[in-house]
Amino acid sequence: MKKRIKITPVLLSGGSGVRLWPISRKNYPKQFLFFGSKKSLLQESLNRSGKRSLFSDPLIVCNQDHRFVVAEQSKNIGIKNRKIILEPVGRNTAPAVAVASIIAQSQSKNSYLLVTPTDHKIEKTERFYTAIKNGVNAASKGLMVTFGVMPSSPNTGYGYIRAGKKIENSSNCFSGIKFIEKPNEKAAKKILKEKKWYWNSGIFLFKTEIFLNHLKRLHPKIYKYCELAVNKSSKDLDFLRIHEQSFKKSPAISLDHAIMEQVGNFAVVPVNMGWNDVGSWDALWETSKKDRNGNVQIGDVYASNVKNSYINSKEKLVAAVGLENIFVVATKDSVLVSSKDQAAHLKSLVNKLTSDKRTEIESHTKVYRPWGSYETLCVGDNFQAKHIIVNRNSQLSLQKHNKRSEHWVVTKGVARITKGKTTFLLRKNTSTFIPIKTIHRIKNIGKTRLHIIEIQCGKYLGEDDIVRIRDDYGRMKL
Numbered sequence: 001m002k003k004r005i006k007i008t009p010v011l012l013s014g015g016s017g018v019r020l021w022p023i024s025r026k027n028y029p030k031q032f033l034f035f036g037s038k039k040s041l042l043q044e045s046l047n048r049s050g051k052r053s054l055f056s057d058p059l060i061v062c063n064q065d066h067r068f069v070v071a072e073q074s075k076n077i078g079i080k081n082r083k084i085i086l087e088p089v090g091r092n093t094a095p096a097v098a099v100a101s102i103i104a105q106s107q108s109k110n111s112y113l114l115v116t117p118t119d120h121k122i123e124k125t126e127r128f129y130t131a132i133k134n135g136v137n138a139a140s141k142g143l144m145v146t147f148g149v150m151p152s153s154p155n156t157g158y159g160y161i162r163a164g165k166k167i168e169n170s171s172n173c174f175s176g177i178k179f180i181e182k183p184n185e186k187a188a189k190k191i192l193k194e195k196k197w198y199w200n201s202g203i204f205l206f207k208t209e210i211f212l213n214h215l216k217r218l219h220p221k222i223y224k225y226c227e228l229a230v231n232k233s234s235k236d237l238d239f240l241r242i243h244e245q246s247f248k249k250s251p252a253i254s255l256d257h258a259i260m261e262q263v264g265n266f267a268v269v270p271v272n273m274g275w276n277d278v279g280s281w282d283a284l285w286e287t288s289k290k291d292r293n294g295n296v297q298i299g300d301v302y303a304s305n306v307k308n309s310y311i312n313s314k315e316k317l318v319a320a321v322g323l324e325n326i327f328v329v330a331t332k333d334s335v336l337v338s339s340k341d342q343a344a345h346l347k348s349l350v351n352k353l354t355s356d357k358r359t360e361i362e363s364h365t366k367v368y369r370p371w372g373s374y375e376t377l378c379v380g381d382n383f384q385a386k387h388i389i390v391n392r393n394s395q396l397s398l399q400k401h402n403k404r405s406e407h408w409v410v411t412k413g414v415a416r417i418t419k420g421k422t423t424f425l426l427r428k429n430t431s432t433f434i435p436i437k438t439i440h441r442i443k444n445i446g447k448t449r450l451h452i453i454e455i456q457c458g459k460y461l462g463e464d465d466i467v468r469i470r471d472d473y474g475r476m477k478l
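For the sequence shown, my numbering gives the first residue as 1, with consecutive numbering after it.
Wrong hints could be hidden among the right ones.
What the hints assert, rightly or not - Below, simulated DSS-like cross-link-like pairs (lysine-lysine); rule was C-alpha separation at most 27 Å, straight line: (1) K316 with K347; (2) K124 with K75; (3) K196 with K165; (4) K124 with K109; (5) K216 with K196; (6) K121 with K80; (7) K39 with K83; (8) K347 with K289; (9) K340 with K307.
Stated by the list, open to error - Distance windows between CB atoms, simulated: (10) K289 with V321: 18 to 26 Å; (11) N402 with S431: 16 to 24 Å; (12) D333 with N308: 25 to 33 Å; (13) G164 with K109: 38 to 46 Å; (14) K232 with S108: 41 to 49 Å; (15) V335 with N305: 38 to 46 Å; (16) K248 with Q342: 32 to 40 Å; (17) K412 with K232: 44 to 52 Å.
Quick caveat, the hints were computed from the structure, so don't treat them as lab data.
Quick reminder that beta carbons are idealized off the backbone N, C-alpha and C, glycines included.
Make a model of the complete structure from these sequences and hints.
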């Protein structure tokens, strides 16, 4: 690069990761999970975008329901200078990138954006940086740039890109000829035999102005309603909440279909960066360390005469005998058992569970909140027990319930309790009772995290039976 160009990373964190159910769920999808690492996929993405010589502060686009998880995970790795943009509804990647581009353009007329998912793994970071530098030259000439990964199998779950001639005065950057979105197995095998075909990594680099010009020409409705959504956006704590009614009117379409397949003139940078989209149990098995029988065993697992299988159970003992080519994934409330050759049908099974309104699709037994977490321990007729953990210097909303009473027992830490018009302290091995419709609040005033066992009693115990009077986290607006 002759001129040093700062690129704004746009981190897309709106995915649901349904093909990794039951560990990936709607309220806590795979980008927030830890796959053999001390950092989540989101945190790894944030770390990659932290190279100050290459990048400016990132823009994170996420579902509004995930905002506190995104904020907490970025805070935990020391990422403070970032803007978190909240999508009120999912409209696929083109509108999400449009919103980020309009915001970036308002901050700098000559900005470059690197759009990247936050639910992929990239093992060879320096190669990733080199590929970005190689792509900047093409982007500066007005080309949309994508990054291609050398295919290792005829995978039908990925899109494919064909590269053409090398672009003049560029390093390892080629003109793009064709996009194919998720071919069938026969077509994928044929592609694999030909040269210059690459997996579509879903990572894009471009000048913001060029992308927005393409959007105005090809999809004026997306541009119109996303611009309105940004213009009518509002600040909410550390978040930018875009206007829901405007954003809802935008057509829902992917960036690949909306722009890359339509522009007719784009660039491809091939890169071997240890990329994996962590998109399925099969992908996890392929990239995980295996024993001599080809098995991946995680957690409390005993296996006898088992081959080429993936067994994951961190919550309970799983014992398997005489099996081959299977996936077993156990959590506290769900167990998935699948043969490898049928794993591609998991999404349809999840759709069935969703239509049947199974709560196991929505949340884990442990649910994260901006003040800490709670875990459901036991559910019975007209009662349930929860383990509540409140972070230091944090408090729940001042609230009441119309349909349930609550019993609290402190097992660790010190709580300041608001109960009606009274305020008092609860320490380890002390308890209190909160009657129905009584205004109450828990605050952690101790030096450690506060642990409380809560017993709820009532004919209805849903999380929507909360009337908030005051809240530190802006949730009264929702």
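- Message: K216 and K196 were given as a pair; does the straight-line alpha-carbon distance stay at or below 27 Å?
- Response: 31 Å, violated
- Message: Quick check: does the Cβ-Cβ distance between K412 and K232 fall within 44 to 52 Å?
- Response: 45 Å, holds
- Query: Between K232 and S108, does the C-beta distance stay in 41 to 49 Å?
  - Reply: Violated - the Cβ-Cβ distance for K232 and S108, about 22 Å, lies outside 41 to 49 Å.
- Would you check the hint for K39 and K83, treating anything up to 27 Å between C-alpha atoms as holding? Holds, at about 20 Å.
- Query: Given the proposed pairing of K196 with K165, does the C-alpha separation stay at or below 27 Å?
  - Reply: 10 Å, holds
- Query: Is the hinted pair K347 and K289 satisfied, with a Cα-Cα distance of at most 27 Å?
  - Reply: 26 Å, holds
- 38 to 46 Å as the expected CB spacing between K109 and G164, which holds or is violated: 31 Å, violated
- Pairwise beta carbon distance, K289 to V321, judged against the given window 18 to 26 Å: Taking Cβ atoms as reference, K289 and V321 lie about 23 Å apart, which means the hint holds.
- Message: Can you confirm whether the C-alpha distance between K124 and K75 stays at or below 27 Å?
- Response: The given pair, whose Cα atoms are some 24 Å apart, holds under the 27 Å limit.
- Okay, N402 versus S431 on CB: inside 16 to 24 Å? 23 Å, holds
- Query: Has the given pair, K316 with K347, been kept, meaning a C-alpha gap of at most 27 Å?
  - Reply: Judged against 27 Å, a Cα distance of about 25 Å means the pair holds.
- Message: Next pair to validate is K124 with K109; report whether the Cα-Cα distance is within 27 Å.
- Response: 32 Å, violated
Taken one by one, the earlier hints fail for this structure at numbers 4, 5, 13, 14 and 15, listed in ascending order.
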